[in-house]
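When we follow this note's numbering, the leftmost residue of the sequence shown carries the number 51, and every step to the right adds one.
You may find that some hints are simply not true.
As the list claims (entries may be wrong) - Straight line, CA to CA, 35 Å or less: simulated DSBU-like cross-link-like pairs of lysine-lysine:
(1) K724 with K852
(2) K869 with K852
(3) K914 with K930
(4) K175 with K852
(5) K287 with K484
(6) K476 with K380
Quick caveat, the hints were computed from the structure, so don't treat them as lab data.
Everything numeric in this text was worked out from a predicted model, so none of it was measured.
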Amino acid sequence: MNKCDAIIENLISEKKSVNSRDFFDFLTGFPVMSYFLELSLAEKNIFQREGKRIAMLAFDLNGMKSYNGKYGIDEGNNLLIAFAEILKGHFGEKSCSRFGEDHFYAFADADGIQDELEELFEELKHANNDRSLPVRVGIYVNKGDNITPGMACDRAKIACDHERSVYVSKYYYFDEAMQNRIEAKNYILNNIEQAVNERWIIAYYQPIVRAVNGEVCEEEALARWIDPDKGKLEPAKFIPVLEDAKLLYKIDLYMVDRVIEDLKKKRDAGLSLVPVSVNISRYDFEYCDMAAEVIKRLEDACVEPSLLRIEITESVNGMDPKFIKDQIEKFHEAGIQVWMDDFGSGYSSLNVLQDYDFDLIKLDMNFMIGFSEDSKSSLIMKNVVNLAEELGIDILAEGVETEKQLDFLREIGCDKVQGFYYTEPKSLDVVIEKKGILGREDREQSEYYEKISRTSLHDIEINGDFGTEVDEYFTGLSAGILEFLDDKFYVLRANEKYKKVLNDIYGADIRSSKIFIKALSLEEGGGLVLSAKKCIETGNWEISTKVDKDGIIINAYLRHLAHDDITGADALLIVIRAIKTSEDCQSICDNLSLKIERELLARNSSTDDAIIRITKLLNADGEYQINMRRVMQEMGSIIHPDRILIMEKNGLEIGNVFEWCKDGIIPIRKMMQKMSFEKLGNLFTKFMNKNTGVIHIRNLDEARKIDLGSFFFMRKTGLRRMFAIPLHNKDNLLGYLCAINYELNDEMDTFKVLETVSYFISFRMLNSKLMNQLDNMSMKDALTGLYNRHGLDIKLEEYLTKYPDRPYTMLTIDIDDFKFMNDLYGHDIGDETLKHLAMSLKRIFNDNAVIGRNGGDEFIVLIKNKSSSEAKPLIRELSKKDQKFCFDGKEYRFTISIGYASYPEHAANSRTLFRKADTALYSVKLHGKHGCQIYKPEMKEQKRTRLGFTMQDISTNVPGAILVYQADESGKILFANDELIKMCGCNNFDELIHYSNNSFKGIVSEKDSRVVEKGINDQIYSEEKNMYKCFRIKTLDGRELWIYAYARLVDNGYHGKVFYAIFLPKVDYM
């Protein structure tokens, strides 16, 4: 036993002799925190005397709370015990501790700790009978400074919590950046009182522009911290810190005071006032009665409440709903609007809009990042705007930076916009100096424009004023808002259908906020002018009818919305309906009647008999997919819905796996994939019968009362009623069996059929799911999601058996210098590199290829139905593609090498073809890498054996001194073998770096430096590949040696242009 172990053993025996419960954890047997710190201090002192570095490690299991919720506390304890055994095996029982819950600590020798942790990660994957969790590890390495064990634990814990959202096992070193973040955080927390008291925090103002008129209708007040010592602190630096500490109320109430004060200054400066919004954190409501505090400040300052807007983040959804409703009501009673900020930032729920009375929702600026009109974000924004119109809520989009974004937002009917397109936030002095920067809306016109903004252009009800079902068989009307002034029409807003009408009939391209339509105001639109005047007079819907040249009857319905007292203009809602001649309409109705009669005559089956037939189909031999489709068809003939769906749950997602549709109903299966199970489950729960577990939506009126979001969705999609039967395996939910728009007189039969059949469907689904999971696990590479070697063999065999006469091309692909990349940047970056290449392969080849990872950094691609000449453009594109990705804010680049061969051109079977593609790949490797090469008969497969040596083997045993350095002014040394280190009189690489100042120039004699440097520059600029020189180098002990240098200029994927050089002594000068 060595001295270290003896000391530790003495400490342990002392504690055990007193009371083991006071010093050892009851679950793991590890020393408790106080005792562990005592042990680690003793170990640290011994390490320092022996010249070693001690590392403190903090461990946190990712997802322990959810694990306990899923499997129970006892199973959670089993995992903790299993993890403790792993720690004990790597670090020893005396060097580990559990501070509580799943928070473990250990101390160990810092040298080799990364390898130790990688082994630990692998063991943890299979711990507790494979029912395990990943772990985060924070590492603090003591560098001889006076840091106590407790401080070391704190720093290790800070590193451990660096990336809490990562759900893989990883380790993080505590570094200066973390220390700087801690210091910055502490500075903010320690100085917030002084910053408020001494007014270091000031209000900057960014205009909010109304899309209809392009004028500033409101402003947002944004906090800026102008520090006398540190300068301007960006909000991203201090707002999150204060919010996490629940101290943001100190700034929020302070900002209310500043805004009130600044409103008075603006008024005194003669600036037209517009309302100003201030941000309130959810935690502010926990601190005080925010509504009462804000209202009191306004009353004390004699400022109109309507000049203030309150912005609340949607995260209030997690607070007491009644309390938040009361706060919003207080603001409203005082005349203060309340906005929802950052809608869509991660907490969004339609129930927030249903539960709380917001005046405006503010779209999160992330919707504008990477914006394009065909992107998912644009589709989401369209639907949110439509929903806001339906609810009578204003909508504001922030983060607008381009004219294209602004045009799109105007087109979809977004009320208000904000962003750098207009201006960045400005101080009060700048706002006053520039008279508000942009034109400001007259507050007397605000009500007029508010009415225009809040009027919905969707699902407009016009039947009541005409006493007839005008729109019984039509949805999605063409609608817009016109401004009528001096018998002229200006288009202020238009939905997509009305824009098309204006473009097709009048050639008007509606893009800007206000367009004059000349044709509407002249003879052609004379009837419309009369109808406009009449609806202004009566306040009712008025109609104007015309027949165009193609015989289309165009009905224009007009209704008065608002009057502008300042300009005398009137805003009118216009709705357009176009129908053909009465003969055409009658023909359509006749065809519909015949179809309905045919459907009624087809319904002659007995429900009980049908159930028997369905269960026989489910239990029949044959392929699962085919049997399920037959079952769906049989159910459709019995319960007569519009469609039947089987939704299957997969982790956190749910998707439509089977669908049957009635004739004329468009399938929606492709649109219902990878939906959030949480959202769908929450929705279904609202309609669940607690006795039967069945989800039953009876009609639209019921949906409106229970869930407003469901009501709008049902009305938009034509869904009138639905049964959804949960599919279970014991206590596990597999999915739902849904019947949509069944007939009311079939209700009891529908329930009986679905309930009975659901048991059999659950059983078949479970069997199929288990088989698919087993197949997938055995065939897919866990890291990249591509086929593994086994999966590749199967898929290649399937394709070649099915299409033996078709040509195909096989690629073998390697990442250049992958081991070097792993060594230089770590295995995390190596994994990201593999995943990035996998994504590139899938993106380039899509479904036209079988793609797999053969192991390590080698990938195989089989391009279907293409000869080598046909595949060559794709291969060249891949070869030349700039392979780069970002990780943790840094950009990484790499290159690849590709070899390929084609069937039947180069081989008669896949195995021979692979060898030939592999031979071509290694031909690329031997000739500089980063390229592609087709197999040629003169290539010898034995060439691959030349790469059977590691870089270490070659660099150590080659008879010469090797140096690799950057081909730029720095001449930075990247690699040197032992021979070169000795030639320079050094003992190791670190000594060489120190002696040469980490530059090739540092080892060249001053007598030859100018000549050598000129030769290098000439070679770089002329891009000559090879260079021969004879010059002197200087050694560490002051000697000079004549050497021959042979250098080659090469493009490297990581370092750009570099020189690979070999130095040989010039014997005749020795």
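Against the structure, the hints come out as follows:
1. K724 with K852: Holds. K724 to K852 sits at ~31 Å (cutoff 35 Å).
2. K869 with K852: violated (38 Å)
3. K914 with K930: Holds, at roughly 21 Å.
4. K175 with K852: violated (39 Å)
5. K287 with K484: With Cα atoms ~29 Å apart, K287 and K484 stay inside 35 Å; holds.
6. K476 with K380: Roughly 31 Å separates the two Cα atoms, so the pair holds.
Violated hints, in rising order: 2 and 4; the structure is consistent with all others.
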